[in-house]
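> Keeping their order, the protein sequence lines are chains A and B.
Here my numbering is used: position 92 in the first sequence is 92, and no number is missing along the way.
Here my numbering is used: position 27 in the second sequence is 27, and no number is missing along the way.
Derived by calculation from the structure, the hints in this document are not laboratory data.
Where hints are given, some of them may not hold.
To be verified - Pair by pair, the computed Cβ-Cβ distance ranges are:
id : chain 1 : residue 1 : chain 2 : residue 2 : range
1  : A       : N173      : B       : L116      : 40 to 48 Å
2  : A       : T175      : B       : W195      : 46 to 54 Å
3  : A       : L87       : B       : I91       : 39 to 47 Å
What the hints assert, rightly or not - Partial selection, computed: residues in chain B whose CB lies under 10 Å from chain A:
id : residue
4  : F66
5  : F100
6  : I152
7  : W210
8  : D212
9  : M254
10 : F264
Unchecked claim - Just so you have them, the derived chain A footprint on chain B, three or more residues with Cβ under 8 Å:
id : region
11 : 19 to 30
12 : 44 to 55
13 : 111 to 122
14 : 127 to 140
15 : 230 to 236
16 : 240 to 248
Since the model is a prediction, treat every value here as computed from it, not as a measurement.
All C-beta atoms, glycine included, are put in the ideal place defined by N, C-alpha and C.
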Amino acid sequence: MTLSDTGTVPATHHQHTAKAKPGVMTRLAGLVPYLFISPAYLLFIAFILLPLIATVAISFTDWPLLGVPHPNGLANYVALLHDRVALSALRNTFLFTLLTAVIHLILALGLALAVQATHSRVVQYIVRTAFVAPFLMSGGVVALMWGGLLNHDFGPIAFYLEKLGANPPDFLNSTTWVIPSLVVVDLWQTIGITFIIMLVGLQSIPTVLYEAARVDGANAWSRFLHVTIPMLSPVALFAVIVSFIGAFQIYTWMAIMTNGGPGNSSLSLVQYVYRSGFQDFKLGYGSTLGVMTLVVLLLFTLVQFAVSRWWVHYERM
Amino acid sequence: MRRRRKLLPRLGQYLLNAILVIASVGMVLPIVYTVITSLEPATQQFKLPPQWIPRHLTLASYRLIFTQIPFLQEIINSVGITVIVILGATIVSVLAAYSFARLSFRGSRVLFVLMLVALMVPTQIAAIPQFIIMRNLHLINTRLALIIPALIQVFSIFLLRQHFQTIPRDLEDAARIDGAGHLLIIRHVILPLSWPAIAAVAIVTGQFIWNDFFWPKLFLTSQSKMVAPLALVSFSDANGGGALGPVFAGVSLMLAPILIAFVFLQRRLTEGVGFAGISR
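If we strip away everything but chain A, and leave its shape as in the complex, we get:
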């Protein structure tokens, strides 16, 4: 292969310098691994680890944006227990996440099965393009677009629904419809990635398994039930966790399309962190909300892993 050629040719230049000062070189060589991870690790500490630890620390203080922090013990956490806005943010985020994750899984699986079943390469290409394209659009742009589409007065969706004889609600101004509407927007943008993950998962199931099942007299349905589902389950779990973690930190739709409204019926947790910190200027309380969000997310992720023992088949390929 050409690899070994390209590997050795430039190497000869280096040989001389390496032989010149062996003592220094070996000592330096011990530092190389640290040197290589240091850009990544310094950034990791400065912009991920430190802010996380700081969030926990700040959550025990009272800190107005332009002032200095004063430790106030558990006062923020006590306030959190009585905060009905936090409760509704939790409820909204959870509802949004649950709907998104479940519908994602079902739609993406159906679509992937359909694309695998069709013999037409053209149709496969069309579906891939149409469903992945929105994923590459910027969230802010998607929100502006759907804000127009879902508008009650001039949006086409309400118009066509009315024409079909339905009586569409004012999607973004209805306390019951606002979260489902945002779920639709989210699905539109991100269903493509879940679909591709499922498709790759389906394609990696060895065909031998299907043939063996067929020989044993299994029909299409029982092949689906006993081969496809168990073999796909690790990929499905991965897809669920990805869409769960993504949906749990949702901010863009609410920030642009509803501003958390009507009332607080679409306020998300991350949005509430932002609002407390940068609109109400309560850095301490905002951090407390951040800690709560983190704890809830970690708890649910743990629950998912625990529950997955019951439905995910781990003897994979």
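Chain A is already provided as a structure; the job is to place chain B on it using the hints.
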């Protein structure tokens, strides 16, 4: 008998293809609607029923968006930040991933696992200390505030490390006997065997930066420094939602970089997305 058996699956295929094509058209319709509306005269934009084949086409909305806000600059900001982060984060990630995958050093396991914790944690919940850090670094309202923290992509490091571990060591040993340094090994042995993984990492990173709204909203305040989506949102808010045409013109223009990416990278993109998904 034989005929009928063949006919039924064929009918099924037609039906399946029809459903898939209709679904695909449905996915694209919102985009088509947006582009058409952006090309209509202002008097027509709010009128129902929507005209799918408009009688009058005009670029008035496009002229407006470029004159009302520095939109060209903002598109350049968006594309520029995305490209710089892709390049920078990939270099940072390759170096770290190579070190974790290939070089044995004290503390390597602990450092790696500690980093992985970040995969489970949304960084937005730490927005308050992030803001304070940026304020102390005097980076508020600079594009660097978006670039520097994005150079650490833990998922990329993880994915690349997994991939580097599958590359046979003999290839490097041959190079190492010749005295090749680690950087040369990375360039001439590791990278040529890793393009699919690197493409996946670049796509995931690029999508993440391009898609994000939270950090630009937090860090950028002046028009000329904003990324395009944020600029469009603040323009839309300033007009109380009344500037549908110019906003949709901006939205349509933001499709251009994606279309260009798609034309050149369709296979790579879907493969990359799938690769990233599957090997996580």
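> Of the hints given before, which are not true for this structure?
4, 10
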